[in-house]
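*Asks:* What follows is the residue order along each chain.
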Amino acid sequence: MHARSPRALFPLLALVLLLPVVAGCGGRDRAKSVTVKGSDTMVILGQKWADAYMKAHPGAVVAVTGGGSGTGIAQLINGTIDIAQSSRSMKDEEKAQAEKAGGAVEEHAVAKDGVTVYVHESNPLATITLDQLRGVYTGTITNWKELGGADKPIVVYSRENSSGTYVFFKEHVLGGADFVEHAQTLPGTAAVVNAVTKDPSGIGYGGIAYGAGIRHLGIVGPAGTAIEPNEATIADGTYPLSRPLYWYVAAKAPPAARELVTWVLSPEGQAHVKEVGYFPIR
Amino acid sequence: MAAPPLLARPVDHRRRRIDRVAEIAIAASALLTVTGIVLIFVFVFREAMPVLFDRDTRLEANLAKFFSPGGWQPVSDHPKYSFIPLLVGSLKATLVAVVTAVPIAVLAALYTAEFAPRAIRELLKPVVELLAGIPSVVLGFFALIVLASVLQAITGSPSRLNAFNAGLALGFSIIPVVYSVSEDALRAVPASYREASLALGASAWQTAFRVTLPAAWAGIFAAVMLGLGRAVGETMIVLMASGNAAITSWSAFDSIRTMSATIAAELAEVVVGSPHYSTLFFIGSLLFAITFVLNVAAGLMVERMRRRLAGA
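Going down the list, the sequences are from chains X and H. Note that our numbering has the first sequence beginning at 48, numbered continuously upward. Note that our numbering has the second sequence beginning at -13, numbered continuously upward.
Honestly, I wouldn't trust all of these hints.
Stated by the list, open to error - Here are some chain X residues pointing at chain H (derived, C-beta under 8 Å):
1. K102
2. G117
3. D225
4. Q231
5. P234
As the list claims (entries may be wrong) - Here are the computed lysine-lysine pairs in the DSSO-like style, where the Cα-Cα straight-line distance is at most 27 Å:
6. X:K138 with H:K51
7. X:K299 with X:K102
8. H:K66 with X:K138
Derived from the structure by calculation, the hints contain no laboratory data. Quick caveat, the model's predicted, so the values are computed rather than measured. Beta carbons: idealized from backbone N, C-alpha and C, even for Gly.
For reference, chain X alone in the conformation it holds in the complex:
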């Protein structure tokens, strides 16, 4: 047995060597199929577009998956997908990586989303200023009475630092400052909404598309008046916390991907944006 065991390795070795070959087979028809991947916030939107596009263009195949803005961008850089969906703009280091990997990347704002601030429906607070919001999320304001509410500690809910919403909130509300350490980070806007519905002293933020079951706060921005998040205020940009949603396309993407981008930006494509709770770009 001992003498024989090295030879027992050969079949295994052959198997290991063969695996990549097998995995490499079955490549898809790249000419017609377009792969779109990225932001979890945008998956539903992307799928809506894909369905409508494939109906209008028989023979076209568009595959949309989630995984997160960063995942999509990383795969775009690696050249494994055609289009990355992202709820944040590309970071400088990612742009540098893309150029190093041999391809510039085009940025298209394809829809608008509003980041809204939620409280429990029993909370008397109706509006909050951007400064107060920054105080709550950086830890200088810790009690509801400082905002004119009841005397109880504020339970702060946030998103994971992997989320585009987190990055947007950090840049546009906190001015780049760090979140307070007792901010509880939850996976997904739905989890934040769920936590706030169950927590009378909670506050959370997330996309407007998920806003059922809690109350949205009006935001007092630089203009000095409270603005409620709704279609009109987000579309015209008066709501202080609205953000563009992006598609990133490799400059050398196949024609099928370009056609899809053109279609998405056309009035026909933009018409589907409202159906999933976001807002058209123009």
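Got chain X; can you put chain H on it based on the hints?
*Replies:* The following block gives chain H in isolation, referenced to the frame of chain X:
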């Protein structure tokens, strides 16, 4: 002269060939498993290497920063990479899990091994072991929606999602392994021990607690180690039920962020090859090392018990 049976030769030959094919297949499976595990570790460690050896990465994330007190804010203008809140978080959740689950699991094992009538024993053990089949995401979901509200109503703690909530749910997930291994250890204690004790006039309870339990302690210790290993590495439950706030405190009612949940939450979005990326893989290596040590310790204890009981 008695010729060897003519038929025997080809049959023997064929059988030997089948034997040999089977042998190779089994050896290949064993090798594949081991190779897989080794390759996984090599990959994880290779991705973690820059925090030890790459100059640019070490400017931002290095061992000194990992193990000095501070915060965990990897996505920031001034990233903070202290592992202390994560280590404290993992430790707190694991402690709550072990403190609540081990007594229940060991006492249940003692009952099953020593007192339960045969019919109950044959029902109880498979049912508890079935608990191990509950997907951890289901336990996590339960803790997130139901358990957290119940606990908050009882304790009145300001944050619903905290170390205690996550620890209790983790406890559920480790009860089956602690119970099962403990029960095996208790059953492995030779009947002569109990007979001697009973013959000396000890009651059944005295025998169970003062004779059987001490005789099986190494096996029970191993069960606890395995439970610890599972609790430290468990991800989904803590991700959902602990609040994931990187707070360094010893209160069981503060939110925690564990090492495993940190990896799960952040790896999907991190820029590949960045210091943050390498740091997450370093945490992975650390977790691997911790569970490896716990599992080896458990294995050694089981071996030790087997030898002692055999020698007795």
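*Asks:* Which hint numbers doesn't this structure obey?
*Replies:* 1
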